[in-house]
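If you follow the hints, you should be able to join the two separate chains into one complex; please do so.
Protein chains in written order, with numbering that gives the first Met the number 0: chain H, 0 to 354; chain F, 0 to 76.
Rather than coming from a laboratory, the hints here were simulated on the basis of the structure.
Hints should not be assumed to be uniformly reliable.
As the list claims (entries may be wrong) - Derived SDA-like pairs: lysine to any residue, alpha-carbon spacing no greater than 25 Å straight-line: (1) F/Lys13 / H/Thr123; (2) H/Lys298 / H/Arg328; (3) H/Lys324 / F/Lys34; (4) F/Lys34 / H/Ile321; (5) F/Lys43 / F/Glu31; (6) F/Lys13 / H/Ser127; (7) H/Lys76 / H/Leu38; (8) F/Lys71 / H/His219; (9) F/Lys59 / H/Pro318; (10) F/Lys59 / F/Ile32; (11) F/Lys34 / H/Pro318; (12) F/Lys34 / H/Phe204.
Predicted, not measured: the structure shown is a model, and the values here were computed from it.
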Amino acid sequence: MKPETTRHAAKTLPAHEGRPARPWGRYGLVAAGIAAFVLVYRALQPVADWLTYDLMRLTPKTHLGDAANFFVYDTAKIFLLLTTIIYAVTLLRQSFSPQRVRRALGGRREGVGNIMAAGLGVVTPFCSCSACPLFIGFVESGIPLGVTFSFLISSPLVNEIALVMLYAMFGIKVAALYLGAGMATAVVGGLAIGRMGLEDQVQRFGVAVADVEEERVSLHQRSREAWEHTQQLLRKVGPWVIVGIGVGAAIHGYVPVDLVARHAGRGNLWAVPIAVLIALPLYSNAAGMVPIAQALFAKGMAMGTVLAFFMAVVGLSLPEFIILKQVIRPKLLAVFAGILTLSFIAFGYLFNAVL
Amino acid sequence: MKLQILGTGCAKCKQLLANAEQAIAGLDPPIEIEKIEDLREIVKFRLLTTPALAVDGVVKAAGRVLSPDEIKKLIAG
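In isolation and in its complexed conformation, chain F is listed as follows (with noise of 0.2 Å):
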């Protein structure tokens, strides 16, 4: 399994990764986390509003900054 977080790097972007490395402390077997960037590759999800969290390729949330707690119900549910 492999989160996404998309954004530019503003706050919002950072604080949502943040978020997300919280929520896949400890965990096994370990999530890999990808921050993606570039723009071109952002443009590719189709979306409107960053930040935004992707697993496996799939859009979950976009356009806030999910808690770790939202986060973890992603990637359980």
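The following block holds chain H by itself, in its conformation from the complex (with noise of 0.2 Å):
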């Protein structure tokens, strides 16, 4: 790998090491990529209604000529705003790493600890198959359980790329309530999980974590790897998105808005308890439930209901239950649970009655 320093000393000024010669490329560069963005952005829905309505000739109004056009704006909008999104958080948070995380939260007290341990969650990366050796490695560590609950939950709840779409889609205050609900959950819950002493649960190995050696890479090799991760974390989350839309344009073409309004709408106040309690066994990756987010608002649903059953979808995962289950013990489980269902609902309502 060239150094850009070295290809353009001879023409600029000395340049520190690491910086390039010439900032104002990599500024005209990023300017280039908004402007890019920012054009096919507005060529979306122009685009879409000739695909469907000139391409395929389908009929605007009806049900499947509106779930086509509503599948192909989507899924094209969806995967520009996906692409730019991963890439520029990627890029923006690899300073921060489940190492920096331990060592930042080593040594704090409850209350301060949740509060660090649920701000950290939010940014930094989550995999459900680190979940266990992250668990461990910060139980081990000596790291409170409830401050380790805290991020735990925090984590996979709020999704960077989720609040950045949702901020797309709904709105700064959408977004800010999603982020505040989901750090106030994970605190609170993991508070009480540490008031309630069930540190038994916990399946102990008596190993410290060490360090593994953070290896220092250039801006260049780390663009790259954000490009590289932007690329599998699409793969990975590309067909969950398609499926989150197709559910999207199910519901947008063939639902009638009665039927919604009527039963999730303002008025019923058993709304949110019932999405949340179907939302359990369900489980979709953020990106993917923001389409049907978006669907079932535009079908009616209260903005607090779609938010509580947007939140019990990805914060309640079976598939990240059952790694779990290999390191905590099924009562714990069962009370990590009932909290975040219980926080749901009770966000569900707050929100309807603030929205």
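Here you go:
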């Protein structure tokens, strides 16, 4: 890999190591990227209309026509958003590794520790396969059980991709509420679990966790890694998103507005708990849930109910629980699930009142 | 030399294993690959993230899927 400094050193001022000698070249790239994004974004609906109504000869306002249009438009829009967001977020948060989090949290008391853990969980990438080693690593390092749980709750629940997408589709208020609710659930849930004295419910291994030496990588390497990670994540998340859009499209085209608005609209007091209970056995990746949330809301479901449903689907994940069962006993797992369920229901009501 | 792939069996772990097998294909003397899925064994490596790759008991990379090229470089260097 040739450092940019040597290539341009002859033409320009001497540069510091690691910084390109032409910084405006990099800003130019970013500006071009933003311009391209805006152009493509603006073109999405017209292209979708052309594809479904002109090319495929479907009729607007029919079930099939509307569903197909939604599908094409939403798929393109979401993948555009996803690619951009994942890449940008990955690049920005490469400095947050579980190693650093563990070091930062070690020795913190409850309360402060819970808040820190919840906040760090939001910005740290989470893979459900790492749930076990991460959990054990934290606990064995002496981080209190409750603080560890705060991290474990906020990390998968507040997904930064979903956060940005919710902002793009519903505005800053909804996105902020999602972030707030996620963090509050993490902090309160972690504190509650900490108070219950359930430490004996965790499988102990008696090993201290060492620090794996963190590789120092250049910016060029980091951006290449970020791009690779973006592709990997797109491949992983893609199917979920397509299924989510399919369900959203079906709802959009086929479910009558009355049905959802009548049963899950603002008037029905039971909507929130029922929505959360329905969500319990369901699981979707956060990104895949956003199109469904959008479709439900468009059909008249109250925003608070939508968000509660969203969080319940994303936050209570059967695959993750099955993995965690290897290190956490059923009693603690049940407490964990129970706290999350109650939190989501509570937030559902709160948001319906506030929004 | 022994390559160890640590992971509890998710898609990323399988991908890492596939990449590792691709990296060692055709090498002589043949390199052994050990897949470690038991949590108790994984914990002994003191990792926080999986999947992870270790060479002869020393963790070289954790938390991401290395490409066959990167693995080849690890074996060589």
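Do the hints match the structure? See the list:
1. F/Lys13 / H/Thr123: holds (23 Å)
2. H/Lys298 / H/Arg328: violated (41 Å)
3. H/Lys324 / F/Lys34: holds (21 Å)
4. F/Lys34 / H/Ile321: Status holds; Cα separation ~21 Å.
5. F/Lys43 / F/Glu31: holds (20 Å)
6. F/Lys13 / H/Ser127: holds (14 Å)
7. H/Lys76 / H/Leu38: holds (12 Å)
8. F/Lys71 / H/His219: Within the cut-off at roughly 21 Å; holds.
9. F/Lys59 / H/Pro318: violated (28 Å)
10. F/Lys59 / F/Ile32: Holds - the C-alpha atoms of F/Ile32 and F/Lys59 are around 14 Å apart, at most 25 Å.
11. F/Lys34 / H/Pro318: holds (22 Å)
12. F/Lys34 / H/Phe204: holds (20 Å)
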